[in-house]
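Chains as they are written, first to last, in full-length UniProt numbering: chain U, 1 to 203; chain G, 1 to 516.
It is worth saying that the hints were derived from the structure and are not from the lab.
All residues carry an ideal CB built from backbone N, CA and C; glycine is no exception.
Any given hint might turn out to be false.
[As the list claims (entries may be wrong)] Here are the simulated lysine-lysine pairs, PhoX-like style, with alpha carbons at most 25 Å apart:
#	chain 1	residue 1	chain 2	residue 2
1	U	Lys103	G	Lys300
2	U	Lys103	U	Lys36
3	U	Lys105	U	Lys56
4	U	Lys96	G	Lys419
5	G	Lys419	U	Lys93
6	U	Lys93	U	Lys121
[Said to hold, decoys possible] Negatives, chain U to chain G, calculated, CB over 10 Å:
#	residue
7	Val29
8	Asn64
9	Ser97
10	Val112
11	Asp129
12	Ala144
13	Ile176
14	Ser179
15	Phe194
[Said to hold, decoys possible] Computed list of chain U residues with no C-beta within reach of chain G, every gap over 10 Å:
#	residue
16	Lys8
17	His51
18	Lys79
19	Lys113
20	Ser145
21	Ile169
22	Ser184
23	Ser187
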Amino acid sequence: MAGLRLSKITIALLLLLLIVCHVGPSMAVLFNQLPKTLIVTATTKSGDVLHAGEDKFTVTWALNTSLPSGADANYKTVKVLLCYAPISQHDRKWRKSNNDLKKDKTCQFTVVKQDYSATGKHEYTVARDIPTASYFVRAYALDASDTKVAFGQTTDANKTVNIFEVVGITGRTTGIFVSAIVFSAFSGLALAFFYVVENKKKK
Amino acid sequence: MAKKSLEVEAEVEVEDEGDAAQFKMPVDSDHKATEFWLFSFAKPHMRAFHLSWFSFFCCFVSSFAAPPLLPVIRDNLSLTTTDIGNAGIASVSGAVFARLAMGTACDLVGPRLASASLILITTPAVYCSSLIDSATGFLLVRFFTGFSLATFVSTQFWMSSMFSPPKVGLANGVAGGWGNMGGGATQLIMPLVYELIKKIGSTNFIAWRIAFFIPGVMQTCSAIAVLMFGQDMPDGNYNKLHKAGEKHKDNFSEVFKHAVTNYRGWILALTYGYCFGVELTIDNIIAQYFYDRFGVNISKAGTIAASFGLANIVSRPGGGLFSDYLSKFFGMRGRLWGLWVVQTLGGIFCVILGKTNSLAGSIVVLLLFSLFCQAACGLTFGVVPFVSRRSLGLISGMGGGGGNVGAVLTQLIFFHNSKYSTEDGIFYMGIMILVCTLPIALIHFPQWGGMLCGPKPGYTPEDYYQSEWSHHEQQKGYHTASLRFAENSVREGGRSARGSGHSKHTVPVETSPTDV
């Protein structure tokens, strides 16, 4: 009887261990194995400062013409993203670059996603939720199963040239400012009021 | 002079017997409630309970309102991991000294005014959290908001003033646990409010700022409720009682001396840092951990993080009850063993959490970790009341402050910069818990024993508590409350020591019998 209970506990513990230690296998797409077949340019120049919600820039992409024809046979969609430059990734683990594209956090904002054509162009107004940081632009070519198969970017391999800046909105509206002052003052006044009442009661 | 005070005492006693009828709840001779009716608002006892746990809860909600929204705040303010780590440390460091000061404040002006004042003074920091635009601003608002965590002391003090020894352990445990729960509830509340505001049409960087008004308003309202409906003691507020009775005012330097020279207080301060301190650390880092490591969205990360803090609804009170239960059979030695075993198990689950790679597994381990970690908090305060009778307030403050020091240390060492990944930080923190829990084995009460050794033969609780008073003071009779406590604590000797034992009651967690 005790032996049966013990083996049930053992099985339960083993299952728990299995759940805990489970590591799923993955077919990883690695960045250093992606061919750089797209040439991507943007109207932003090195050191430009763009304001979120107001300024715009145009990004252009084209297939490298020196490649043999048919190189883009499996390209179905193009996804253009705004990516963090190394200086904005420093000491910020949530923006870290990773060779395994599933874990890569370099490019977090989509500029445009559209069907693939050998050349393309898009005018983008910097969205209001883009944070203050330094960026470059990268385009991925995706196949029919939405897997990344090629890329191109506005900067070099070390991500040092053509880096531009975005200044995000502060989020501090006048309404918030006034409310914070009013509510804080109210708290102080409430405290003062009760102290006066307490002192009166003492007498 | 002595004759006059005896007369005053006699008069007051006669009045008391008639007054007992005015309370809805059954009370003892001190007018402290002898029962605990959780779902009642009976004035003044249960009302005080609900006011104190809820206002403490609101302070926790505010102090940990930022962590679940960090994914948005860190982008709005361009924060680095170091900035976030520094602010996390600041959020718990303010209360280290504030908790020590709060005990004294309660003695002077009463828990009602002391807690409400602190809460209202820190509320502007919560409202101004919506105005910050730099890492420095972020650090400052978290620092000042964190001061409000000192209301832990006023909560325990208030419960000890309202509830009789048999019920005070339970009242303290539930008030403490339900307050701590705020650290979990906020991880649900803040993302919910944030998403709601975004849905109404706000941008993310505006929405999180508006969201901070919710904890601010909660805090303001709870403090006003305490002032309007609360009462320091069963018979009235402090200003009324100070005029009427005579309380012997103890000497602060003596109380201080007896607190800091008692090594048990220091050991418990250290070990509380590795259950409560770890709990505060986890409140600060866990939402971001799930968001970044497993890619869940803000709301989901918040929900998972919330489950950790919300476990307090049963785990901390459970720890307190378990401590009392062990004491029934094994006395103080049982309480100490229970504390060591439960806190060590908490450390083991923390180690496992750092090594778990799957989302589902992490959630399961997190829940187990939270149960043991928080139960250890409850078990700690099952031992603290016995360390000293004369300096109870200060020993409790040391323990409470030690908890915050532990939170500062663990965040400073493991989560402050990019040296360790968060999962490695959690793993090493678990190891540190295991190491820093070992000193419990060094605690020895000569009258009851410790984990490894039995009691000193012939040494009684009276001897222990009397030793805190000099002969001169004993001649004046200042130590009589300590003697009463010693009699009531006979049960801590375990089954064998309970000769003519009458009281099956949970042992007292009264406040200092004398003013400091």
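Comparing the hints with the structure gives:
1. Under the criterion of a C-alpha separation no larger than 25 Å, the hint pairing Lys103/U with Lys300/G is consistent with the structure, at around 19 Å.
2. A hinted pair counts as satisfied when its Cα atoms are at most 25 Å apart, and Lys103/U with Lys36/U qualifies at roughly 20 Å.
3. With a C-alpha separation of about 24 Å, the suggested pair Lys105/U and Lys56/U falls inside the 25 Å cut-off, and the hint holds.
4. The hinted pair formed by Lys96/U and Lys419/G meets the criterion: a straight-line CA distance of about 14 Å does not exceed 25 Å.
5. Between Lys419/G and Lys93/U the CA atoms are separated by roughly 11 Å; this keeps the pair inside 25 Å, and the hint holds.
6. Distance check on the hinted pair: Lys93/U and Lys121/U sit about 32 Å apart at the alpha-carbon level, beyond 25 Å; violated.
7. With a cut of 10 Å on Cβ distances, Val29/U stays outside the contact zone with chain G, its closest approach being about 16 Å.
8. Remark: the non-interface label on Asn64/U is consistent with the geometry, its nearest Cβ contact in chain G lying 33 Å away (cut-off 10 Å).
9. Interface exclusion of Ser97/U from chain G stands, the closest Cβ pair being 14 Å apart, more than 10 Å.
10. Distance check for Val112/U against chain G: the nearest CB is about 20 Å away, which clears 10 Å, and the non-interface claim stands.
11. At roughly 5 Å, the least C-beta separation between Asp129/U and chain G is not larger than 10 Å, which violates its mark as non-interface.
12. Annotated as non-interface, Ala144/U keeps its C-beta farther than 10 Å from every C-beta of chain G; the closest such distance is 24 Å.
13. Against the 10 Å criterion, Ile176/U falls within the reach of chain G, whose nearest CB is about 5 Å from its own CB.
14. With a closest Cβ-Cβ approach of about 7 Å to chain G, Ser179/U is found to fall inside the 10 Å limit, against its non-interface label.
15. Not every Cβ of chain G is farther than 10 Å from the Cβ of Phe194/U; the closest lies at roughly 5 Å, contradicting the non-interface assignment.
16. The beta carbon of Lys8/U is kept farther than 10 Å from every beta carbon of chain G, the shortest such distance being approximately 19 Å.
17. With 10 Å as the threshold on Cβ separation, the claim that His51/U sits away from chain G holds: the shortest Cβ distance comes to roughly 13 Å.
18. Its beta-carbon lying about 18 Å from the closest one in chain G, Lys79/U satisfies the requirement of being farther than 10 Å from that chain.
19. With a cut of 10 Å on Cβ distances, Lys113/U stays outside the contact zone with chain G, its closest approach being about 19 Å.
20. Against chain G, the non-interface label of Ser145/U holds: every CB pair exceeds 10 Å, the least being about 20 Å.
21. The claim that Ile169/U is not at the interface with chain G is violated, since a C-beta of that chain comes within 10 Å of its own (minimum 6 Å).
22. Distance check for Ser184/U against chain G: the nearest CB is about 4 Å away, which does not clear 10 Å, and the non-interface claim fails.
23. Look at Ser187/U: its CB is around 4 Å from the nearest CB on chain G, not clear of 10 Å, so calling it non-interface is violated.
Hint compliance for this structure: hints 6, 11, 13, 14, 15, 21, 22, 23 are broken, all remaining hints hold.
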